[in-house]
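Residue numbers for the sequence shown follow the working numbering, beginning at 7 and rising by one.
None of these hints come from the bench; they were simulated from the model.
Bear in mind that the values here come from a model prediction, so they are computed numbers and not experimental data.
Heads up, a few of these hints could be off.
To be verified - Below, a list of computed lysine-lysine pairs in the DSS-like style, where the Cα atoms sit at most 30 Å apart:
1. K121 - K303
2. K238 - K75
3. K75 - K253
4. K126 - K253
5. K253 - K303
6. K253 - K238
7. K126 - K238
8. K121 - K238
9. K303 - K126
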Amino acid sequence: MTIAIVCLMLLGYLLICTEHITRINKATVAVFCGVWGWVLYVCVGPYYIETLHNAGFQEFLAGEDYSIKAVNEFIRQNVFARHVAQLTSIAMYLLTTMAITDVLANNGCFDLVTKLCRSKGTWQTVWMLALCSFLLSANLDNLTAAVVMFTVMNRLVVNHRQRMLLGAIIVIATNCGGCFTVIGDVTSLLVWTRGAVTPTNYTAALVLPALFATIVPTYLIGRKLPPHLDLKRANVMMYRGNDTDVKLWQQILMFFLGMGGLWFVPTFYRLTSLPPFLGALCVLGVLWVANEIINRKRILSDQPLSRETNRSLQYESMQMIMFFLGVGLCVDILIEVGAMNSVRNWCDQHIHNIYIMSLALGLVSSVMDNLALVISSISIYPVLPNNTPGMTTYLQSFVENGQYW
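Let the hints inform the model, and build the full structure from the sequences given.
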């Protein structure tokens, strides 16, 4: 059955890599493979439990008779629940940041970004778009930040070719901005919550490479743009009829409550050891209270409280969350059947060099989805304690803040 489960996962990874050819949604593939992998695992649950979890299972039985029902109950409580708790914690965090983004958008807070990016000179617009994309993505996931900035750009620029070039800048800046903070991307959030890195060390190690990787391409792409961009008229761009009564200072306040509040999440996690999504929910609660106070008159009247929402943002974000959950379930089942342990032993015996591993992962990432690859690679090795006896230079790469992570 292990071979069948591994083959199912490999087939799923192949379909994810070839999504552009097969036209099969990768989130669908990930969820399907994840669910059926666990179904197959339960079908032969007694074998895996007796092989890998025998001591824990005997303690769970507490003298009661062995039965298939007891095996399934042990899998549900002690195996599956442990993995799914971490996955749903991150999914809850992503849903909370989506809600924060929605509240800010409903109050026109991202119009501030549009005003900042609007300039007669090309270079001012280029650098402000890159800077805003970089900073937004440091707080939000890359997809949400990119969609928000694409909306801003479309309000500014008319010319199609100029939009394509500016869009490339936004994609680069959001990816670089999301990589240097532990809350800026799903993968970094996963590495952090697994105890592999600390926020300060992670940011200190990646902020300069992230800035360099943003500045150089932005400059090169900016040189291909004309001295003056084809911009929309300001009054056409900013007209929304009577859809908001929120004043400028209120928009600024809510923007900093939402975006600035997310910087509080790592501190919340360090002080309480509670999941990061609770810190994000705390920020959402404060922002919602501010929203209720600021829009009190509209709440008591017949005016609508929400503007037209970006359905594409909501759809893509939900797809990303479902894809993450599906891939997470796939990787977790590979851990439980011992496949990841076999990969780790093979790497230790035949490679034994984290830099060769990272080079191989980089090559694979050119054809495979980054999220699936990162979740798989960080699940191969556990985070080792710093005081492990007989710690070699190679093993030091897998401690907290080690070079491997």
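Hints and how they fare:
no. : hint        : in the structure
1   : K121 - K303 : holds, 26 Å
2   : K238 - K75  : violated, 66 Å
3   : K75 - K253  : violated, 61 Å
4   : K126 - K253 : holds, 25 Å
5   : K253 - K303 : holds, 13 Å
6   : K253 - K238 : holds, 23 Å
7   : K126 - K238 : holds, 11 Å
8   : K121 - K238 : holds, 12 Å
9   : K303 - K126 : violated, 38 Å
Violated hints, listed in ascending order, are 2, 3 and 9; each of the other numbered hints is respected by the structure.
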